[in-house]
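Engineer: Chains as they are written, first to last, in the numbering used here: chain R, 1 to 79; chain F, 101 to 179; chain D, 201 to 279; chain S, 301 to 379.
Among the clues, some could well be false.
Result set (DMTMM-like, lysine to aspartate or glutamate): computed pairs, CA atoms no more than 20 Å apart in a straight line [stated by the list, open to error]:
1. D:K247 x D:E258
2. D:K247 x D:D225
3. S:K347 x D:E265
4. F:K147 x D:D219
5. F:K110 x R:E5
If you are wondering where the hints come from, they were derived from the structure by calculation, not from laboratory data.
Number of protein chains: 4
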Amino acid sequence: MADLESIQQKIIAFRNERDWAQFHDPKNLAEALSIEAGELLENFLWKTTEHSRNLSPEELNTVNEELADIFIFLTYLSE
Amino acid sequence: MADLESIQQKIIAFRNERDWAQFHDPKNLAEALSIEAGELLENFLWKTTEHSRNLSPEELNTVNEELADIFIFLTYLSE
Amino acid sequence: MADLESIQQKIIAFRNERDWAQFHDPKNLAEALSIEAGELLENFLWKTTEHSRNLSPEELNTVNEELADIFIFLTYLSE
Amino acid sequence: MADLESIQQKIIAFRNERDWAQFHDPKNLAEALSIEAGELLENFLWKTTEHSRNLSPEELNTVNEELADIFIFLTYLSE
Numbered sequence: 001m002a003d004l005e006s007i008q009q010k011i012i013a014f015r016n017e018r019d020w021a022q023f024h025d026p027k028n029l030a031e032a033l034s035i036e037a038g039e040l041l042e043n044f045l046w047k048t049t050e051h052s053r054n055l056s057p058e059e060l061n062t063v064n065e066e067l068a069d070i071f072i073f074l075t076y077l078s079e
Numbered sequence: 101m102a103d104l105e106s107i108q109q110k111i112i113a114f115r116n117e118r119d120w121a122q123f124h125d126p127k128n129l130a131e132a133l134s135i136e137a138g139e140l141l142e143n144f145l146w147k148t149t150e151h152s153r154n155l156s157p158e159e160l161n162t163v164n165e166e167l168a169d170i171f172i173f174l175t176y177l178s179e
Numbered sequence: 201m202a203d204l205e206s207i208q209q210k211i212i213a214f215r216n217e218r219d220w221a222q223f224h225d226p227k228n229l230a231e232a233l234s235i236e237a238g239e240l241l242e243n244f245l246w247k248t249t250e251h252s253r254n255l256s257p258e259e260l261n262t263v264n265e266e267l268a269d270i271f272i273f274l275t276y277l278s279e
Numbered sequence: 301m302a303d304l305e306s307i308q309q310k311i312i313a314f315r316n317e318r319d320w321a322q323f324h325d326p327k328n329l330a331e332a333l334s335i336e337a338g339e340l341l342e343n344f345l346w347k348t349t350e351h352s353r354n355l356s357p358e359e360l361n362t363v364n365e366e367l368a369d370i371f372i373f374l375t376y377l378s379e
């Protein structure tokens with residue numbers, strides 16, 4: 001299992017190198033997180049709950065990318 | 101800063117004690133996360149971005165509770 | 201079936217009487233609509249699709265209130 | 301201004317011709333509406349409220365498409 005603290009530090013360092021903090025007010029970050037949550041949900045739309053428990057490797061990969069995006073915005077918001 | 105791994109382990113242990121995993125299919129968890137993201141966003145609705153950067157202690161407290169809820173569902177989904 | 205145009209005209213008239221248009225920029229209205237969509241979805245969380253097709257009168261009433269809220273913000277945004 | 305009732309009747313007729321009602325349980329429709337609301341909001345992410353009041357014709361076109369999608373799912377849910 002990955003070390004979440006070191007991942008969070010990399011996410012913040014990545015942002016600071018690009019000087020993005022100036023754009024990252026909480027209102028826009030909360031919008032971004034909500035949008036990403038919608039993209040996550042889209043992976044399960046019209047699917048049964050059984051299907052959602054048995055995703056293909058490709059589906060799982062897409063879901064994990066959305067979870068990573070949500071974690072990134074959660075990290076920005078928690079700072 | 102809290103140790104996120106130990107928090108995640110506690111979240112999962114809390115769930116397992118209550119035998120909730122049977123209800124926690126990814127489709128419903130993604131719905132829950134999306135709903136919580138909406139509740140987070142509600143804290144910034146009609147506010148300026150300036151205001152969102154300068155929340156009162158009470159506002160910050162409510163925001164942090166929503167962030168914790170999102171982290172919990174993200175933990176369930178990442179398992 | 202209700203006359204949607206006359207309902208929309210009443211929604212806009214209601215807003216104009218209160219001079220709310222100044223607060224109703226599309227960014228905040230889109231946030232509001234997204235928040236209401238989350239509240240609508242909350243009525244179906246953890247429920248089966250079968251249950252969602254067979255709501256009790258009370259559940260149906262709450263759902264209809266959320267649909268009305270979404271229609272109001274959709275009306276503001278469409279203007 | 302378009303006649304919303306006749307638009308709604310066309311939306312329902314379009315669905316019935318394709319026999320889609322069997323897939324359109326309220327739980328999934330509420331998910332779809334929430335996802336579309338996120339796509340709408342994406343058009344305003346990182347933009348100022350001033351910008352959101354002064355969209356370019358292309359931006360306005362994309363926004364109107366999202367509003368139409370939301371209206372379609374709202375119509376299905378209201379039936």
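Engineer: Next step is simple, just say for each hint if it's right about the structure.
Structural biologist: Verification of the supplied hints:
A distance of roughly 15 Å separates the Cα atoms of K247 (chain D) and E258 (chain D); the hinted pair therefore holds under the 20 Å criterion. Straight-line distance between C-alpha atoms of K247 (chain D) and D225 (chain D) comes to about 35 Å, which puts the hinted pair past the 20 Å bound. Taking the CA atoms of K347 (chain S) and E265 (chain D), the gap is about 30 Å. The hint is violated against a cut of 20 Å. Using a Cα cut-off of 20 Å, the hinted pair K147 (chain F) and D219 (chain D) holds, with the two alpha carbons roughly 17 Å apart.
With a CA separation close to 16 Å, the supplied pair K110 (chain F) and E5 (chain R) stays within the 20 Å bound.
The structure fails to meet hints 2 and 3 from the earlier list, while all remaining hints are met.
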